[in-house]
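Please build the complete structure, drawing on both the sequences and the hints.
So the chains spell out like this:
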Amino acid sequence: MSKQPKPPKPDELAKSIEYKTPETQWMETPVKFKPGMWCYGSRPKYLEEVGMPNPREWSPADDDWKLPENWKEIVLDGMKDRLGKYRTFKLFMDICVRCGACADKCHFYIGSGDPKNMPVLRAELMRSVYRKYFTTGGKLFGKTAGARELTEDVIKEWWYYYYQCTECRRCSVFCPYGIDTAEITIMGRELTNLLGLQTDWIGGPVANCYHKGNHLGLEPHTIQSNIEMMCDDIEEITGIRIEPTFNRKGAEILFVTPSGDLFGLPGIYTCMGYLMLFHELGLDYTWSTYASEGGNFGFFTSNEMAKRLHYKIYAEAKRLGVKWILGGECGHMWRLVHQYLNTWWGPPDFLEVPKSPITGTVFENAKSTKMVHVTEFTADLIKHGKIKLDPSRNDHLKITFHDSCNTSRGMGIFEEPRYIIKHVARHFYEMPENTIREKTFCCGSGSGLNAGENMELRMRGGFPRANAVRYVHEKYGVNMLANICAIDRAALPTLMQYWVPEVDVCGVHELVGNALVMTGEKKRTMDLRLEPLPGMEDEEEEE
Amino acid sequence: MGALLSFGAVVVLLLIPAIGAGALKLHSLFGVVIPYLAVIVFLVGLINRVIGWGKVPVPFKIPTTCGQQKSLPWIKHSRLESPATGGEVFLRMVLEVLFFRSLFRNLRTEKAPGDRVVYGSSKWLWVAGLAFHYSFLIVFLRHLRFFKQPTPKIIGIIESFDGFLQIGSPHLLVTGLVLFGAVFYLFLRRIFVPQVRYISLPADYFPLFLIMAIAGTGMLMRYFLRVDIIKVKELTMGLATFHPKVPEGISVIFYIHLFLVSTLFAYFPFSKMVHLGGVFLSPTRNLANNTRMVHHPNPWNYPVKVHTYEEYEEEFRDKMIAAGIPVEKQPEPREEEQPTEESEGKE
Ligand code: HEM
Ligand code: SF4
Ligand code: SF4
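Chains as they are written, first to last, in my numbering: chain A, 59 to 601; chain B, 1081 to 1427.
Read the hints as simulated data drawn from the structure, not as lab findings.
No residue lacks a Cβ here, since even glycine has one placed at the ideal position from N, Cα and C.
Zero decoy hints are in this set.
Beta-carbon label-pair distances, calculated as ranges:
{"#": "1", "chain 1": "A", "residue 1": "85", "chain 2": "B", "residue 2": "1390", "range": "46 to 54 Å"}
{"#": "2", "chain 1": "B", "residue 1": "1127", "chain 2": "A", "residue 2": "85", "range": "29 to 37 Å"}
{"#": "3", "chain 1": "B", "residue 1": "1398", "chain 2": "A", "residue 2": "69", "range": "49 to 57 Å"}
{"#": "4", "chain 1": "A", "residue 1": "322", "chain 2": "B", "residue 2": "1214", "range": "49 to 57 Å"}
Sample of chain A residues facing chain B (criterion: CB under 7 Å; computed from the structure):
{"#": "5", "residue": "72"}
{"#": "6", "residue": "79"}
{"#": "7", "residue": "146"}
{"#": "8", "residue": "155"}
{"#": "9", "residue": "168"}
{"#": "10", "residue": "234"}
{"#": "11", "residue": "279"}
{"#": "12", "residue": "304"}
{"#": "13", "residue": "365"}
{"#": "14", "residue": "366"}
{"#": "15", "residue": "423"}
{"#": "16", "residue": "425"}
{"#": "17", "residue": "426"}
{"#": "18", "residue": "427"}
{"#": "19", "residue": "438"}
{"#": "20", "residue": "525"}
Structure follows, in structure tokens:
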């Protein structure tokens, strides 16, 4: 595989962004694969491991993509099938008026200026083929009706642009008909996956997750030892030894979080926050090494693959005999838990309606899916005064909050994390109104695009987010970007390094862990990152 | 290009009745047959489209949530932007359909000095969109006076409001002008906003030209080339009561107007204008954000291949035991194998 191209310098990149349109009409403008803007093709073994079609060595940089002989038939049949299965797909092919309201709402368009990154054109890439093969007007009038032949070049163009969309749904907020280009991208990826056009960065986690239970491929003993290492750190910080349990039958609650929280910085600090909180509460919960992934890269592959991967959560809850499930901080995991899981595998009648054992609150909003978001759980604890907090321990942080796309526009969880932050910290500043909540900007690396080789794409896609962070950094001195998403925690540090290096990234429960006053703890002199707490170091020396 | 093509098409559409009804005097064809056909195509076509969409299942409940979900009782739930019940969804749809709520959010993204981007308010599309749709609606309703004898009161009321300026004789009706102006704005926007021009197809210009031509011929008839209203009403009442007759002496401008309207009707179901029906069916807007409260079934949910816990344990049993993680099955089979026996593992 070719070397990873480095993105240009930030100021050069920013200067290169121009919102101009090419001389030639978009259908006459062939796709050009720019280095740093695409991901490697999947190794064949990843496809084989989960039984996906056409496994082979291939590179998107090659002319010959080694498509199956009857690729065209496969794609057209695939389209026909899906047009009959998804109302969104059919309707969104038909009703766009090309008003352009969505055009400048996509972070990839804002960061690249490439007109095919306007959501409406991204969708037209597919619509033009739809018109040609599925509408009378398109069959009769061809190009005049906005229709075009399906060719290998079209497949390449689809592939290039459907992997420059993070399925963030920002466009759908602004569209007068709610047309969600993410739905089209999802179809575009399903169709190209029928030809074996998976990316390596998605294929690997999918295969791992299928067999080992999580994207990172952590085996049971590694999960356990990783968490024990976090417990060592917690002991060093608080003097308290935590002994979490794994795959324990009869626990009241199963806790599922994205595996990113178990490995890598700053994810593990968030995980330490969970561990400390649950310990302090004396929560009767268990981890699972089998259902060790809340996230789901299958969703970036096909609906079927997503369903296959997310089987484990309910299956494990049933096997362990827990009463309900608590879910950690993750973006696409929660889009799926909130909008898909129950439809795929529910209703889970073997579980009980979630009830907080600490406050007695019954989570009516999760009464069918039986899965509660950890910020719902924690906000409820704080509201009832069930945990003791010392927000001054976060005084060294000036915090802003990044709403993740999925939890914002596919769930609507805005207040819970903010409520928590405002109780565990004292310096909180919102980014400008048009860049948060339902209008939030993507990190630029969602939906399986957080690879290394497409770094320029990620930095461009994350530009609007970084631009807003820079604003609050300069205005209020913000130095911490909090979020509730494991992909954010993996992707945003790189983005901040590139655009606003003074700002670091954390999960909300890291802040909780810092502020949480635990029974019997020693005086805190370090935060969860084992860095000295400002104002506490001197006292440490006196001791 | 697309604009010229569409303009040409509309010119041809103007010429057809000018020749057909004007020179060739095919008044029954243009006054009766074509309008009837157009209405039939409109109704059958639109119903077909809507049924076609309706037949496609909604496998997942995927509203785009634009506000706080309903969760804990003390957290303020955004009922209109993240509706949790059917009633709330209905209200959200009312806002969308009657007030173009989503379009109202529109922003304009611009590069600012210092390599930044800023987002300015941008409501003109919303204003023009509303102006266009409402004036279209009112003009449409006003026309019902030609199909009802005596003219319904409500139409009289609409008209008196519409003519509030009391200029000229007959009174100038504001909506006609607004309709023309709004459509013209939408057209200019398509030509002058580079992004919008880039995405525009002939099918985007055509309805605009067609509606401009309809509004134009309409106003021409009302204010300048006066047609014999009594005779026109005779014709339209004939159509409405299914006793068509074609009075002599209606000037050709009327036939042109009627033909353009017929074209609009017949073209409607196959054009982007079907969003009239589609907007009501859009799953990102018309579903409740309550999927964790109420199970949403997928009619085509099919079984898929999964990796079971048993397969997982089979692969990792030794490692799990070594790490003290409980397993279902101990490694060495004992003399009497009891597969149902549950092992507690090492605790
Ligand atoms: C008789 C019914 C309708 C007709 C003839 C109609 C026609 C049109 C046309 C021609 C356009 C394109 C304007 C352009 O090219 O820029 C348009 C756009 C639009 N329509 Fe409709 N429409 C109808 C009903 C509706 C309804 C019920 C809604 C409710 C949501 C709606 C919402 C919109 C919006 C938001 C736009 C985009 C903004 C714009 O370009 O003006 N329309 N409509
Ligand atoms: S906002 Fe909606 S209708 Fe307008 S161009 Fe975009 S997808 Fe099409
Ligand atoms: S879903 Fe997000 S990334 Fe995809 S086109 Fe819409 S705004 Fe762009």
